Amino acid sequence: MSDQIILNNENMVTSKTSVSVLFAGDSGDGMQLTGTQFANTVAVYGSDLNTFPNFPSEIRAPAGTISGVSGFQLQFGSKAVYTPGAKFDVMVAMNAAALKANLKNLHHGGIILANTDGFDAKNLKLAGYGEENNPLEDGTLNDYTVFEIPVVTLTRKALVDTGLSTKNIDRCKNMFVLGTLYWLYSLPIDTTIETLKTKFKKKADVAEANIKAVKAGYNFGDETEMFSQHGRFSVDPANKKPGVYRRVTGNEASAIGLTAAAKKAGLELFLGSYPITPASEILQTLSGLKKWGVKTFQAEDEIAGVLTSIGASYGGALAATNTSGPGLALKAEGLGLAVMLEIPLVVVNVQRGGPSTGLPTKPEQSDLFISMFGRHGDAPVPIIAATSPVDCFYTAYEAAKIAVEYMTPVICLTDGYLGLSSEPMLIPAPDDLADITPKYVKERKPEDPPYLPYKRDEKGVREWAIPGTKGLEHRIGGLEKQHETGHVSHDPENHALMTKLRAEKIERVIDLVPDQTIDNGPEQGDLLVLGWGSTYGAIKIAVEQALAGGCNVAHAHLRYLNPFPKNLGEILSNYKKVLIPENNYGQLIRIIRDKYQIEPVGYSKVQGLPFNEMEIEAKITDTLKEL
Amino acid sequence: MSDTNTQLTAKDFTSSQEPKWCPGCGDHAVLQQLKNAMADLNLKTEEVVFVSGIGCSSRLPYYVATYGVHGIHGRAMAMGSGLKAARPDLSVWVATGDGDALSIGGNHYIHTIRRNLDMNIILFNNEIYGLTKGQYSPTSKVGLKTVTSPNGVVDYPMNTLALTLGSGGTFVARVLDRDGKFMREVFKRSAQHRGTSVVEIYQNCPIYNDGAFSVFTDRERKADTIVYLEQGKPLVFGKESNKGIMLDGFTPLVVDLGDSSVSKDDLWVHDENDKLKANILADFFDDPDTKEDYLPRPIGIFYVEDRFTYEDALDDQIAQLQSAGEGTLEELLSGPSTWTIN
Ligand SMILES: Cc1ncc(C[n+]2csc(CCOP(=O)(O)OP(=O)(O)O)c2C)c(N)n1
Ligand code: SF4
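As you go down the protein sequences, you meet chains A and B in turn.
With the numbering used here applied, the first sequence covers 1 to 627.
With the numbering used here applied, the second sequence covers 1001 to 1342.
Read the hints as simulated data drawn from the structure, not as lab findings.
Small disclaimer: the values here were computed from a predicted structure and weren't measured.
Don't take each hint at face value.
Okay, derived cross-link-like pairs now, DSS-like style, lysine-lysine, Cα gap no bigger than 27 Å in a straight line [claimed, not checked]:
{"hint": "1", "chain 1": "B", "residue 1": "Lys1011", "chain 2": "A", "residue 2": "Lys470"}
{"hint": "2", "chain 1": "A", "residue 1": "Lys470", "chain 2": "B", "residue 2": "Lys1188"}
{"hint": "3", "chain 1": "B", "residue 1": "Lys1145", "chain 2": "A", "residue 2": "Lys445"}
Bound-form chain B, shown alone (with noise of 0.2 Å):
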């Protein structure tokens, strides 16, 4: 690293460590875009922190160049809470896994995400269990075999979009690991938002739940069964462009753009400042090889809110109090009132 103000490239932001994922493994291609997206933004090395839990996700802080703190099971959230707020002036990115944030940490991650601190939790969703080889995760399907579900999971799955706008989420995204500049795009964008930002990457993990995604990854299917979601562009899908959403009331349906009947003007608009239809598409949550009449899965940015952040809100706090004066160690260890032997 150099003294000089010239910007830094992916290559600056790698480091020594040579990851020790699987090879095919979507983390790959998240760490690539996650560098691309810091040297965009020309972010210093030294200002970043990746704070992490336990999983094969949460290696991530090692493989890269900044600083970062590997933590423990399902408290990355807190520790870059705590980090964040004692260091406003850090650029904090936690990197977690669907077990890690949302079953072990789901306590810290509602309660993050209501905070609302400047910091940017990459969520890897591969629908399992990585690290410890194989076992059912909250996101598994209803279903899906695995080592604790040999009759398969009988377990509800949790949507996770609809919990994080659900506990107040300021920034709301999910993209698919095979999407690379769309996901670059989206990490740039979800850094530059101040406040919690949530970005959910659908994640392979070719070893214990290979194509858990392919169903909307796959080049033959993607079309018909995701979404993008286009500020102030309609909700359009499908091969040809031939699908639409459209709304009626609050209820969505898919229309036929072939059916004269329907127009592009008739489709519902994407608005990332709306929330009743942020929760709208989060709840497009089908499963396209089971329900023949699904709805796509959105994919991009759902919701954007500007809201104060937690730190901005606890330094003013101190700042009002301090400016007739900051505390002296004399005021403090004498207190409010005292009294003199002579």
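So that you can see chain A by itself, here it is in the shape it has in the complex (with noise of 0.2 Å):
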């Protein structure tokens, strides 16, 4: 990266192609706010970005502790960002504990910010910093650039007439450290004084008081002598496709993917959920949109989750749950009923680690085999992995397509990483997403021929019949169907032959997978790094160094895991050795090596962190040497 610097007036401004900032403090510091205000105003200057919230999982921590502090993660660049940073460049370290729990990750030479009034004596030892061991003094900083900055202090002295009380008045020392990081980055601050009055519309004292301090911020960038030695910054707006935007969250997209699916196939949205972490704003996002008709039931288990969808499946609407590792278990003979059935069921996974209760505020990829193989009897299910916040929303559509044009149950799995992390969605135009067709029965009078429940078009694929259509009336159920006419039946020739239609059934969604492309890279040669879901933009980035490097690798991602793309074996067979990065113990490579009678290379993350693009480059480098 070649930064280049610009003198101007008093203050040489150096340009950046990517910055990755943190913003840390105690949970009850408003990190999470300052941090999305900062995303709000890259995006809406025109920056590609990628956030990641990143807070403790007790609700509330004793405040100064390690165990207390909040982070807000994100990287806005000129050109595409794919991840919120491995490591960052600069540190909004609001006291103590955030310095210390974050410093590890922070860049070589990056950037401090520190509010000195979050490192007193009482500050320091709540960290476990011992009373002679201020990092500010102690020279442990000397490899960073530190700005040393009495945020309290100076808010307090800039809203000193506003009449409001000490205490809600150090609440805004949040917006006094965003306007000075705005100033520093040579951001506009409008677009966070627009959000604060619309925020406080009810509560104009406080709006005013958080606009004095962002702008109190700002100023104090100018006019202390502390930056004249280092500058600004700037960071070039990204040469994005021209449209309109909005910021999302993976899980947000889903939820929103599943209501554009609804709305465009003329069903109602039906979600039977139970909260779980770090899926539940699936549900809570949806839980809001029933001006769009969606109907959410909050059941009292997953369990229920999943049959309460499979009845509305039954009776027409477009049903969909949502969960996480735990709770797809306790699905799984719901599951199996809905193969049973051949009705639609959307089940989006937001995994997280495991086994049982496992890491439920980490990102893991280990329900790929659970997804694959977690109900008894053969019963194959689609599966489709986002590979980007974004992308959650297409993942969510698609697996809703299938779900109707198929009816059978789709299993669409994001992760805790990607359903919290955010980025810039182009809004599509409707007309610009699929359609979604469903097929149903037709009303039928006494004199036609009876209804056959399970007769199959050319797709192998049964017709949906509502309830309260006249002359379809029928049962079914989860033991075992006779063919065509859906009545139960033990005789073991139909048993196979149902099973084989079931699963033929599942191998012809292929013809709506499209073929598999490589994403970066040679079409054929040394090495292929084979991903799927959220490691994309790790492995992306990771790919293009190494590339940029001399070495000879590619990069093919999957989104499509069952079934997998139809020319994927050819791929495959192109280059000498496949690599496999996972964040779970080897599940893809073995499905990988059953199906396509390879020896690929794996390498596993379970530590409940994404992988960052430093550990893939130099597992590629290793790889290619081993050749």
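Assemble the dimeric complex from its two separately framed chains, guided by the hints.
In structure tokens:
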């Protein structure tokens, strides 16, 4: 990255292609809000960005301690940004604990904006620094550029005549820091001012104080001598596709994707669900979409979540259920029923660390096996995995299309990392979204031949018979059914036939699956890095850098895990070696090995943390060496 | 089925599938009365959906010529709830057994009842697991010898209707499989009730638990062991209608009407809208075979309450939010705030 330096009046401005920032403070310091505001500003300014909130799993951890630290990381850039950054360039540390918890992830030579008011004796002690070890003084930070700012003191000074209580004034300290950061990165403050005005519409004095704090922080940048030596920075807007954008988290995107699919298909959306981290936001978002006719049902458990959805689907709704690992385990029997009934159902599984309660707030990609095999009997279902927060929209949408058009449950895999991260989404025009066409059985007259619930079309798909339709009265269930009539049948030949027909139907979903493409790198060569789901960003950057370093390596990323794209086998055979990085102990690799009879190199990371590009790049280099 | 609005008969509700229940099983009678009730209620076969879990009784959907889904063990109520929430226009019936509803499905049972969707739950209680060949169920009597309790059950049995009332039940009734006409009338009342109705049926399983309820159904004994609940009528029972029930504070007492110190006017008069009294009735849970001064087992409608249904409340919220217009796809996609890149 070559940084260009421009000299401007008093301050030199260094232009950067991308910057990763971490806002870290106590849970009560409003870091999520600050980070979100910063993200909105850079988004409107035209940067590409990716954000990732990181908060303690305890709701109210003791203030000032390491376990109470809440962080919001984002990366913005003038080129495409795929991750919040493996490490960050700038850290805002509102107190000593925030510094201590995050210093290891700050780039060498990075910038620290330290709120000195959060480094008093009490805070140092709570953070676990000894009395003599104030990191701002003892040389710990010699390798970094540290800006020491008494944020609370300055905020109080700026807001002294607002008439607000000291407690309320102190709440504005995050806005002061935000203002300073805007100055430092040459960003406009008006987006934030507008937001504050709307947010505190009913509390004009609070809005006014917050706005004053942002401005004071910004002016502080101008006035203080502190920055003169280093100057300011700027990041040009990204060369993004023109259009109207919004910012979405993966979970919001999943919710909107389902709703859009229902609208497009002319169906009512029904979500039966039970809260579970990190999937709850899907239920929460959909609960707020009643204006779009969405019905959400907060069930008593995951089993009821999936069964209410099955009931709604039988009744003719586009039914979905969302969950995370342990919840998917509970839904397994219900999914088997949906496979037998052959009715549409979308399951959005936001993966987290397992097994059992595992790492509830940390992402992992370890539900591939349960998605693929976690039902008794031969019960295949289509599986799609989202590759980015925005892709959660498209995978949910596609899952709904497949579910409705193939009359089958579909599992849509995202994870905690995608679910909570956000990025700009180019808003699609309704017409750009694929049509979704449910195939209903029409009303029948008594003189018509009897209705056959399990008669299939050329794709092997039965039609949807909605209760209330005259002449289609029929009974179905989880017991094996006779071919076509749907009557209960225990005939051995019939069971074999039905098992085959159900499997073949899922295999035919391949007709909707686009051919696998090579994301980057040569069409054939030494090494293919094959990823799936949320590792997209890290692998993308790693391969980009390895290519720049002269490696013979390519990247292909799977969205469709069942069935795999038609040409996947051929692609795999075009490289000497295949490397499969996964946030699990080796799941996709076993499926690929089994299906394509090749011996890929696995690369597992099971720390509840996403991969970073450096790890993958190193693994690429090592693997190539061994060729 | 014809297009005209002719009144259907029980035969029209009979499917092509032959019931496979054992001869003499109480399920046959229940099926017959359900079909009678549906015909009496002037229901159309296409507007009715029977959902069920797993068990002998849960096979019922196959035998009615309506729509039907036979689900998985214990989950019928969840499936029915989703169906009803999505399709309030349908008449949703749940067929479930004591094992299905109260054991594996216990959690769904209590939550379904508190939500009060307009659904009719037909609870076949045979105090045994029939389909899996005779293991004891959560309603089996203490001491019952079964394949899983060769030395007698030590689990204390569940009081179904007390649980139902405690969960906020809005229509709570009990009938006997032998009481065809009475059962039919109770089914009709339950269907007319807006809200979740529970009709518990004492159903004989001649194969694995024969005679579990004979103390309440045998001609010689029933007059003394059960009391029929009739709205506005005093609680009178006994062969010569010679016994009654009085309330002493909250304590029910069996009194002898032959004794000149009490008259019918002193008796407890049934009021199906009185929840407190319904709870006391549900606690009439003595076993006449083991307890000498037992209270008779009440049969009939214990309690009826008019409470809003889940699906109405949900639909009202949606209608209210859509009163200024339904959300469009464009609005959905663009969300609350956007920016433009040129
Ligand atoms: C998950 C699951 N566990 C266990 C079973 C086995 N099973 C089927 S029916 C049943 C009990 C049925 O008893 P009840 O609900 O009282 O119905 P009945 O057969 O007596 O009418 C059991 C244990 C099952 N089908 N599924
Ligand atoms: S086993 Fe019992 S409950 Fe089941 S069909 Fe036979 S008699 Fe009826």
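Do the hints match the structure? See the list:
1. A C-alpha spacing of about 17 Å is found between Lys1011/B and Lys470/A, which places the hinted pair at or below 27 Å, so the restraint holds.
2. The hinted pair formed by Lys470/A and Lys1188/B meets the criterion: a straight-line CA distance of about 23 Å does not exceed 27 Å.
3. Only pairs whose Cα atoms come within 27 Å are accepted, and Lys1145/B paired with Lys445/A is rejected, the gap being roughly 53 Å.
Consistency note: the structure conflicts with earlier hint 3 alone.
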